[in-house]
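> Protein sequence lines, in the order shown, are assigned to chains W and L.
The C-terminal residue of the first sequence carries number 556 in numbering that gives the first Met the number 0, and the numbering is unbroken.
The C-terminal residue of the second sequence carries number 350 in numbering that gives the first Met the number 0, and the numbering is unbroken.
Computed cross-link-like contacts, SDA-like style, restricted to lysine to any residue with a CA-CA straight-line distance of at most 25 Å:
1) 546(W) to 92(L)
2) 79(L) to 352(W)
3) 434(W) to 81(L)
With the C-beta cut set under 7 Å, the calculated list includes, among others, these residues of chain L facing chain W:
4) 58
5) 80
6) 90
7) 91
8) 116
Since the hints were made in silico from the structure, they are not lab data.
Backbone N, C-alpha and C define an ideal beta-carbon position, used for all residues, glycine too.
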Amino acid sequence: MSSNAITVPGAQIDEKPWVDTLHEWVTTVDHKRLGVLYIGYALLLLVVAGIEALIIRIQLMYPHNDFVSPQVFNRMFTMHGTTMIFFVAMPILFGFANYLVPLMIGARDMAFPRLNAFSFWLSALGGLFLYFSLVGANGLYGAGNAPDVGWWAYAPLTARAFSPGHSSDYWTLSLLASGFGSIGTAINIVATVLCMRCPGMKLSRMPLLVWLNLVMSGMVLITITPLSAAQIMLLVDRYLGGHFFDAQAGGSAVLWMHFFWIFGHPEVYVLIIPCFAFMSEIIPVFSRKPIFGYPVMVAATVCIGFVSMSVWAHHMFTVGMNSYANSFFTITTMAVGVPTGIKIFNWLGTMWGGRIQFKTPMLFSIGFLFQFLMAGLTGVMLACAPFDWQLGSSYFVVAHFHYVIVGGILFALFAAFYYWYPKITGRMLSEALGKWHFWLFLIGFHLTFDLMHIPGLLGMPRRIYTYEPGRGWDTLNLLITAGAFIQAIGTVLFVANLVISYCNGKKAGNDPWDAWTLEWSTNSPPPPYNFASIPVVASRRPLWDLKHPEDPDSRYE
Amino acid sequence: MQALRSTNSFARGPLAVLLSVIWQASAVVGAVPPALSPTNIFASESTPAKSIAHLSVFVFVITGIIFVVVFTLLVYSIIKFRGRAGDAGREPAQVYGSTQIELAWTIIPILIVVVLFLATARVIHAIQDASQPPSAIEVTAIGHQYWWEFRYPKLGIVTANEMHIPVSDPENPTPTFLTLLSADTDHSFWIPELAGKTDLIPNHPNRMWMDPHRTGIFLGQCAQYCGVQHAKMLLRVSVDSPEDFAAWVRSQQRPAVQDESVAAGRRVFESTACINCHAVARTNANGRFGPDLTHLMSRATIASGAAPNTPEKLRLWIQDPNKIKPGSLMPAMQLSDTDLDAVVSYMETLR
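Excised from the complex, chain W in its bound form (with noise of 0.2 Å):
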């Protein structure tokens, strides 16, 4: 299975004119091209936000400072979140869900494959939307240019009397198209997942990847719909006069709330869940052991995502709930912190007693772990109500979901980066540049994101766009600005490697990691078809069961 591609004898790679590669993207169905069409269109946005990032950054060196006015600001906040959570982490996951699951269920393309295509395309249009508000959306009244309501646009905001012109038009249809972009991945990842296994891969033998991206495009299905119509509401009160925000004709502020926050509690997990896929894929090879406790993984996923379903409410205990309800969000909240527990103890049993090898898919990896553990235990804190009524809508909470965001999210794609990158691309990121990009990230992410935490204990709020000298915030600030700066240098090497590892890396082959899930049976890059002849499995792990005919898997399982 080792060359699982044909060869056609004395085939010749032709140069192809531009205009006809870049008709072959455009109209691309295969998963494979989606894939990295949706990781490339996030990883430029992901640099756009990051840009926005140090704006805000610089913005909050020195107490009083005037580098952008406060206009200028509030739209910087709300591009970085919606563009963070909208069109960098929501796409790049699904790119590395598309690329990866129909590949290690061993199928030879999505269920639906022009679905796949559209969805993309309608992702894309949402950024496209968002960032053409920036010139469109001046709007009647000369009103500002980018959204400036924040990335959860609390009503009533948005209502045309606080935010008129069209900038916030342009928020609400970006998140529409994109939503729906969603909607349609998310159907296409369950039927591919659930139809299109090849044959002996049945569910209890399906990657763990596979099941986690099975388990997040469920919740997409149940939380982006409430998002979609909340969105469709706001246009009805901004065009047809409705009320069902709008609080000086009796509509409920807290209405919005719920909704946004019914879609944006999942969503931390619709995000992390698919990094958790990564880790429990990158671990085991890196620690050359399978996964400690297989069904507790996928039992413990299966309930993050039911319990996550019910702990919205905790992005809302200062709007003044009753006693009871602010009793029942805290319990549901800390509740799901034991699957995510039991998730960290595993991976801590899977390196128990194996072989670590420190490549730099695995830096990241063991990086995640010990900042996942520590945003998790920010988590309970805030978790607490009464805590929450301290810390709510405090740089402690912005240094909470960065810590989720950044140390986990971001850290557990950097790591898969590194190890797709030989399967997508047939070349190996350089490892030299990779370790530095590791450690300068580290420590900048630290710097950062660990002292952060510090001015939300001593009073100071989120989304200002100044503050006043004498409250302890000002030697903090600094220095989480000059962290905001080493984490750039390390996406900058990061983004160079990637371009440098492309023309000049050393050649991976097939299985460059020794590692056991199909994708690493067939070519670097995979030919169109995928496999050659479909594969038989016969365990979790087949590639195993080939490299140790004498002790398989399939013995144990």
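Starting from the known structure of chain W, arrange chain L on it as the hints suggest.
Same frame as chain W, now just chain L:
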């Protein structure tokens, strides 16, 4: 309303004793914070803030213990089980799981969650379900883009941005109960050393209370993004001794000073758009959109804390509010220098 009593409700046993000790110690640690900042959540000076600080330290310690244990295990396994040069090609023992171990690390976290939840639920109940004693001071706080309106319905006082409340002696409590409203977008009332924050949401009245244990100025600011100048929607609470508070109430209840020497400034004020938004009690000025100016000079700051209340800053503010607070909803009135000076002189008589 009652302060948190130490808990003895944990069942007996070494773990229960340990938890009980941590809970007791948390109260001590939570009570002596370092002086890092005037808005430190651990420098609590009021019952709600104190019980939150107490709970916070307890949660810090429990999560801290978890962190140290898991961190140590991770570091240990990374060092102990690192790949070595000698084991090229050989694979370690393939272990697929262990039901006992997995059960253990499911049940222990569940128990920790139960403990944390019980400790939290007590504090939620103690703060949220406290009843209002007859001696309480009632204040209605109304959030506006980008300033605070304070009304004392029983005392007939309307003021802005700087709230005065009496210190509350635990023996003879005079807590302050706030009704929180909003005139436009969402805001949040946050004085970290006195209480946790509660949002001010239009069409959704909220409530909070505080019983400051010492006099002084307490700082805070709006904690829910409310628009362009969210950052400069600062809050000052002056906790007064009972005598000072009574004096402040008397001075606020007096009608506006009528000083004939500034009649020109008053004329300018009352004949421009100023009075559409601002009120000076018992004059033609009865606008409600901006802060009440009847006793402007009794306040230490203007523009919701964005500038000190000095004649120069006041003049600059009236001339062009964007110079101090860009995006403020108060327009520049384009007054001539003469009119500007006259209005500032008039303002300075509003004691």
